[in-house]
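From first to last, the protein sequence lines are chains A and B. Quick note on numbering: our numbering labels position 70 of the first sequence as 70, and the sequence is numbered without any gaps. Quick note on numbering: our numbering labels position 97 of the second sequence as 97, and the sequence is numbered without any gaps.
Simulated from the structure, these hints should not be mistaken for lab results. There could be a bad hint or two in this list.
As the list claims (entries may be wrong) - Straight-line C-alpha distance at most 16 Å; calculated EDC-like pairs for lysine to aspartate or glutamate: (1) B:Lys157 <-> B:Glu147; (2) A:Lys37 <-> B:Asp44; (3) A:Lys37 <-> B:Asp28; (4) B:Lys163 <-> B:Asp133; (5) B:Lys64 <-> B:Asp19; (6) B:Lys64 <-> B:Asp13; (7) A:Lys37 <-> B:Asp13; (8) B:Lys157 <-> B:Asp133; (9) B:Lys157 <-> A:Glu222; (10) A:Lys151 <-> A:Asp104; (11) B:Lys64 <-> B:Asp44; (12) B:Lys125 <-> B:Asp44.
Said to hold, decoys possible - So the derived list for chain A, only partly shown, Cβ under 7 Å to chain B, looks like this: (13) Phe17; (14) Ile20; (15) Pro22; (16) Phe35; (17) Leu36; (18) Lys37; (19) Gln38; (20) Gly150; (21) Pro206; (22) Glu231; (23) Asp233; (24) Ser235; (25) Gly236.
Given the structure is predicted, the values throughout are model-derived calculations rather than measurements. We put the CB at the ideal spot given by N, CA and C, even for glycine.
In case you want the letters, here they are:
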Amino acid sequence: MNKAEMDSKQKNAFNDFQNIPPRNPQAAARGRANFLKQAAVLRQPVSREANRRQNWVSSTIFPLFQRKERFPMLNSLIAVVLAVVVLFGGSGATVAAAQGSLPDQALYPVKTWSEDAVLSLTGPTQTRLQYVLDFSDRRVLEMTRLLADGKSIPAGVETRLQNELDLVLELAAGMNDTQALQQLQMIIQRADAQYQTMTILMSGAPQSDGPLLLRAHTRLQEQLQMGAMGESDMSGFRLQVRQRFQYRGGTGGTPMPGLGGNSNGYGPGMNQPTITPGTNQPVQMPGVNQMTATPVLKCTSTPMMNCTGTPMPYRTPGSGGGYGHMP
Amino acid sequence: MDNHVPSDTDLLDLARQFDQQALAQIYDTYSPGLYRYSMRRLSDQDVAEDCVAETFSRFLQALKARRGPESFLQAFLYRIAHNWIVDHYRRAPQQPQELTEEHPDENSDPVKDAGHHMQQERLRKAIRELTPDQQQVISLKYLEGWENEDIARSLMKPVGAVKSLQHRALASLEKMLDREEIL
Numbered sequence: 001m002n003k004a005e006m007d008s009k010q011k012n013a014f015n016d017f018q019n020i021p022p023r024n025p026q027a028a029a030r031g032r033a034n035f036l037k038q039a040a041v042l043r044q045p046v047s048r049e050a051n052r053r054q055n056w057v058s059s060t061i062f063p064l065f066q067r068k069e070r071f072p073m074l075n076s077l078i079a080v081v082l083a084v085v086v087l088f089g090g091s092g093a094t095v096a097a098a099q100g101s102l103p104d105q106a107l108y109p110v111k112t113w114s115e116d117a118v119l120s121l122t123g124p125t126q127t128r129l130q131y132v133l134d135f136s137d138r139r140v141l142e143m144t145r146l147l148a149d150g151k152s153i154p155a156g157v158e159t160r161l162q163n164e165l166d167l168v169l170e171l172a173a174g175m176n177d178t179q180a181l182q183q184l185q186m187i188i189q190r191a192d193a194q195y196q197t198m199t200i201l202m203s204g205a206p207q208s209d210g211p212l213l214l215r216a217h218t219r220l221q222e223q224l225q226m227g228a229m230g231e232s233d234m235s236g237f238r239l240q241v242r243q244r245f246q247y248r249g250g251t252g253g254t255p256m257p258g259l260g261g262n263s264n265g266y267g268p269g270m271n272q273p274t275i276t277p278g279t280n281q282p283v284q285m286p287g288v289n290q291m292t293a294t295p296v297l298k299c300t301s302t303p304m305m306n307c308t309g310t311p312m313p314y315r316t317p318g319s320g321g322g323y324g325h326m327p
Numbered sequence: 001m002d003n004h005v006p007s008d009t010d011l012l013d014l015a016r017q018f019d020q021q022a023l024a025q026i027y028d029t030y031s032p033g034l035y036r037y038s039m040r041r042l043s044d045q046d047v048a049e050d051c052v053a054e055t056f057s058r059f060l061q062a063l064k065a066r067r068g069p070e071s072f073l074q075a076f077l078y079r080i081a082h083n084w085i086v087d088h089y090r091r092a093p094q095q096p097q098e099l100t101e102e103h104p105d106e107n108s109d110p111v112k113d114a115g116h117h118m119q120q121e122r123l124r125k126a127i128r129e130l131t132p133d134q135q136q137v138i139s140l141k142y143l144e145g146w147e148n149e150d151i152a153r154s155l156m157k158p159v160g161a162v163k164s165l166q167h168r169a170l171a172s173l174e175k176m177l178d179r180e181e182i183l
């Protein structure tokens with residue numbers, strides 16, 4: 001049987017579906033009226049704040065120079081770093097000094113280590129998400145400063161940015177609907193600014209950094225799409241995030257330290273409450289067995305997963321300033 | 001007389017300002033197709049109407065959050081509808097349909113109709129067993145007659161991935177239906 005015959009056979013199999021009863025005109029008119037009524041309710045004057053958000057300059061140029069505004073959580077971070085300074089004296093001073101370092105500098109591993117440490121010590125999911133958002137801004141700023149200095153961007157910076165972008169989605173997906181929506185707005189806002197910055201960087205970057213910047217650019221675009229999806233369809237968003245999470249868990253992608261949702265880490269992974277699809281209600285998953293809460297996903301269709309129902313280890317605490325690796 | 005038909009982009013520009021005329025045009029353009037799509041997937045008129053209503057409601061919410069589509073509105077709307085249908089089946093396992101005394105058409109053959117209905121239900125059930133992405137590919141390709149490029153936009157995946165999903169979905173369907181007469 002040739003391809004055309006096969007295609008025709010498959011189409012014939014679905015032919016019966018073409019005959020459906022006509023739509024009830026009254027129901028259609030009612031649906032239309034409700035839709036327009038809802039639109040009228042939602043229609044509100046555009047606020048000055050919203051106008052400002054849409055301003056291209058304010059979302060691209062300002063983030064590069066208004067660092068204080070862009071990293072609202074850094075006050076807390078500085079407090080933690082200062083606490084380390086008090087506790088450990090000279091070592092703490094090194095940590096504090098490392099906060100402004102760039103990836104090509106000797107203190108940079110200390111900076112990333114301190115970020116990992118801060119996340120490990122932070123309990124509330126919302127706070128951790130805020131930290132990771134700030135850290136992702138740091139990565140973009142590092143790329144900007146490196147290029148401004150005429151230096152090449154190490155691949156590790158982009159990898160770390162990708163992991164941070166993944167992580168904020170995972171953290172948001174583990175929250176209840178109200179919290180998740182609030183956080184998604186913030187995620188989108190940050191990703192939007194980062195995306196615009198990346199667009200600028202791509203236009204003036206040397207050819208050797210092109211592929212790396214393109215990857216980051218594409219990933220940020222995806223982040224915006226995921227955020228938009230979450231705002232319009234929270235269940236679908238959670239499912240997508242979970243699929244990404246499970247896929248990466250089995251492939252040994254680039255893990256971050258302490259992201260396993262355990263005492264070390266971030267991520268809705270193992271011990272965070274998750275949402276039963278379709279119910280929009282957070283439920284505590286028993287132990288580490290999160291897969292069973294996703295009826296659509298099956299072991300047979302996801303070969304990367306452990307088919308006993310136990311997710312494969314996802315992230316492990318890394319050593320030094322880098323991210324850990326799958327066992 | 002101006003016969004200019006506004007493009008998706010023009011309509012969306014107006015829709016973002018909650019222009020009633022543009023929104024009405026969007027509803028009139030896409031709701032009949034969305035209804036047919038929902039009916040084919042759900043086989044229940046009331047539930048299909050719910051699906052259409054929720055799809056457009058979510059569309060408005062996306063506009064409100066300034067995160068609606070820039071273009072390819074149809075792909076965006078069908079993606080929402082598909083997600084709603086997947087959620088619907090997860091929320092509520094299918095209830096058996098009630099039998100009624102009345103028959104819609106005097107000339108029709110009840111035995112033949114029942115056969116068709118059973119075949120449809122069997123195929124519909126098999127489609128529901130596929131992964132969400134596979135379901136959407138099969139529905140848009142074979143029930144709605146979309147091209148792979150349009151399906152790719154709806155799924156936000158490359159065309160190659162769509163072809164791969166289609167291939168795997170058909171193989172799974174064939175297996176589920178025991179290689180009998182349907183496929």
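- Message: Run through the hints listed earlier and report the numbers of any the structure violates, in increasing order.
- Response: 2, 7, 11, 15, 18, 20 and 21
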